[in-house]
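Guided by the hints, dock chain X onto chain R, whose structure is given.
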Amino acid sequence: MFEEQKIKEELDKLQEQNKDLVLENAALLARLDELSLKLQKKEEPGEESEEEEIDFDNFIIEEEEKCEFTGYKGKLVKECRRFLKEVSFKQYVDTIKQNIIGQDEGLELILTGIFNYIKGIGRDGIPP
Amino acid sequence: MGFPPKVNMLLAAPSGSGKTETFRVLKNYFAQEIPHLILDQVDLSNITSAGFKGKDPGSILASLVKEGSSYGIIWLDEIDKRLLPAHTSGGENVSAEIQGQLLAMLEGCTEKYMMKGLDEPVTIDTNLTMFIASGAFNMVREKKKVAQVKTMGFVQQKEKYEIYNAISREDIISMGCLYELLGRFHLLVNYRKLSESAVLKIIELSKSKIESELGMKLLLSEEFTEEMLSSSNQDFGCRLLTSMIYQPALFACKDVFLQGLEHPEVTIYCGGRYEIQEGKADSDYEQSQ
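Chains R and X, in that order, give the protein sequences. Sequential numbering from 0 applies to the first sequence in numbering that gives the first Met the number 0. Sequential numbering from 0 applies to the second sequence in numbering that gives the first Met the number 0.
Bear in mind the hints are in silico, worked out from the structure with no lab data behind them. All of these numbers come straight from a predicted model, not from anything done at the bench. Just to be clear, a hint being listed does not mean it is correct.
Said to hold, decoys possible - With a straight-line Cα cutoff of 30 Å, these simulated DSSO-like cross-link-like pairs (lysine-lysine) come out: (1) X:Lys115 x X:Lys26; (2) R:Lys84 x X:Lys26; (3) X:Lys80 x X:Lys111; (4) X:Lys208 x R:Lys89; (5) X:Lys111 x R:Lys96; (6) X:Lys115 x X:Lys80; (7) X:Lys200 x R:Lys89; (8) X:Lys279 x R:Lys96; (9) X:Lys80 x R:Lys96; (10) R:Lys18 x R:Lys74; (11) X:Lys208 x X:Lys192; (12) R:Lys74 x X:Lys111; (13) R:Lys7 x R:Lys74; (14) R:Lys89 x X:Lys192; (15) X:Lys65 x X:Lys111; (16) X:Lys279 x R:Lys118; (17) X:Lys200 x X:Lys279; (18) R:Lys89 x X:Lys80; (19) R:Lys5 x R:Lys18.
Chain R on its own, in the form it takes in the complex (with noise of 0.2 Å):
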């Protein structure tokens, strides 16, 4: 048991460093194609390119953007997202409260199972 337990937290850490090195080879890739076009133009002087510089910086989260939030796991991760940023554990359980009248302790424990709930696919629940 304690052993499965290693493994899978090793297979989470390697899916980590890979999701890494995707996202890092995706960003040389478009800085090889960057300076692949610089090149092409020096040696054709005179021929002014009109395509956009890649921005380098903005090009990773783009191409991150593009690998999430797609189909409906994605869309659900991203307003999960959205929502842990947006409002905080004490807005959503005020919030609730004031709609639920006389029941904090019990309430506040359903709220708080749900909250984590949320947390968990906001921070976990990539698609691969």
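Just chain X now, with coordinates in the frame of chain R:
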């Protein structure tokens, strides 16, 4: 690995204490904040074992299958109705069978589900699904009430059993719940007795709602408010409060129509009595109508 830390919860709350309201409020809230989060309520009293008239346990996940997503919160309402033994003429306990079928679903399993309108089966992994079950557990409360009256002997008139007393895991097992099923609910939550200020707030909200529905100003006498306060934590719960105001208000409404009053003010007293007066035109009140 993309597994949210899900916790299955079991909510024990007497009738009229806000179980359904909790679901309704959460549903409305998340419909705005996270529209893609599935939050579905399933009435377990309609679920029967395979081969019997009713819905199949697989239909619990219908909303997830429809969207093809394993993520979502399924609210299993009236779970207490599925804990009491229900024997067929052949001696089978249908409730135990259904509980058995729920085990794997609550624990987390990957299964293929098919439903009308789909071309191919959808795989649902309930490891990613959160389950919240709720029930009033009235049988346990009744049993405890009887037990308490017996031990009290001749003083039973002086003491009242509190229906909001917490339900324990032992109580639920005594109802007929399988140990394995109860073990799959990580958290047992009890809704408590409402405080006086909470009940007064609910009375005020109910009054305002009825006022705007019937188009007349309502005044509640002190004795009537006291009566409602003492009724609120009994068997009917807070549902009773609305009907306690609504019934005399509706009778008064009939009289208002017959008398043709334009700005009626109705004072409600104990025992369903009421008094109608022609009030002054209140611009704020009329605007709220």
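Hints and how they fare:
1. Restraint check for Lys115 of chain X and Lys26 of chain X: satisfied, since their Cα atoms lie roughly 25 Å apart, inside the 30 Å limit.
2. Restraint check: the Cα-Cα separation between Lys84 of chain R and Lys26 of chain X comes to about 20 Å, which is no more than 30 Å; the hinted pair holds.
3. Between Lys80 of chain X and Lys111 of chain X, the direct Cα distance comes to roughly 27 Å. Compliance with the 30 Å bound is thereby established for this hinted pair.
4. A threshold of 30 Å between alpha carbons decides the hint, and for Lys208 of chain X with Lys89 of chain R the separation of about 28 Å falls inside it, so the pair holds.
5. For the given pair, Lys111 of chain X sits about 38 Å from Lys96 of chain R by alpha-carbon distance, which is inconsistent with the 30 Å threshold.
6. Restraint check: the Cα-Cα separation between Lys115 of chain X and Lys80 of chain X comes to about 28 Å, which is no more than 30 Å; the hinted pair holds.
7. At roughly 22 Å between alpha-carbon atoms, Lys200 of chain X and Lys89 of chain R fall within 30 Å of each other, so this suggested pair holds.
8. Distance check on the hinted pair: Lys279 of chain X and Lys96 of chain R sit about 36 Å apart at the alpha-carbon level, beyond 30 Å; violated.
9. For the hint pairing Lys80 of chain X with Lys96 of chain R, the CA-to-CA distance comes to about 28 Å; that is within 30 Å, so the pair holds.
10. The hinted pair formed by Lys18 of chain R and Lys74 of chain R meets the criterion: a straight-line CA distance of about 20 Å does not exceed 30 Å.
11. For the proposed pair Lys208 of chain X and Lys192 of chain X, the alpha carbon gap of about 23 Å is at most 30 Å, so the pair holds.
12. Under the criterion of a C-alpha separation no larger than 30 Å, the hint pairing Lys74 of chain R with Lys111 of chain X is consistent with the structure, at around 23 Å.
13. As the CA atoms of Lys7 of chain R and Lys74 of chain R are separated by approximately 27 Å, the hinted pair is consistent with the 30 Å bound.
14. Annotation: proposed proximity of Lys89 of chain R to Lys192 of chain X holds, straight-line Cα distance about 24 Å (limit 30 Å).
15. Distance hint between Lys65 of chain X and Lys111 of chain X is fulfilled; the C-alpha atoms sit about 12 Å from each other, no more than 30 Å.
16. For the given pair, Lys279 of chain X sits about 54 Å from Lys118 of chain R by alpha-carbon distance, which is inconsistent with the 30 Å threshold.
17. Using a Cα cut-off of 30 Å, the hinted pair Lys200 of chain X and Lys279 of chain X holds, with the two alpha carbons roughly 26 Å apart.
18. A threshold of 30 Å between alpha carbons decides the hint, and for Lys89 of chain R with Lys80 of chain X the separation of about 35 Å lies outside it, so the pair is violated.
19. For the hint linking Lys5 of chain R to Lys18 of chain R, the alpha-carbon distance of about 20 Å falls within 30 Å, and the restraint holds.
Checked against the numbered hints listed earlier, the structure breaks hints 5, 8, 16 and 18; every other hint is satisfied.
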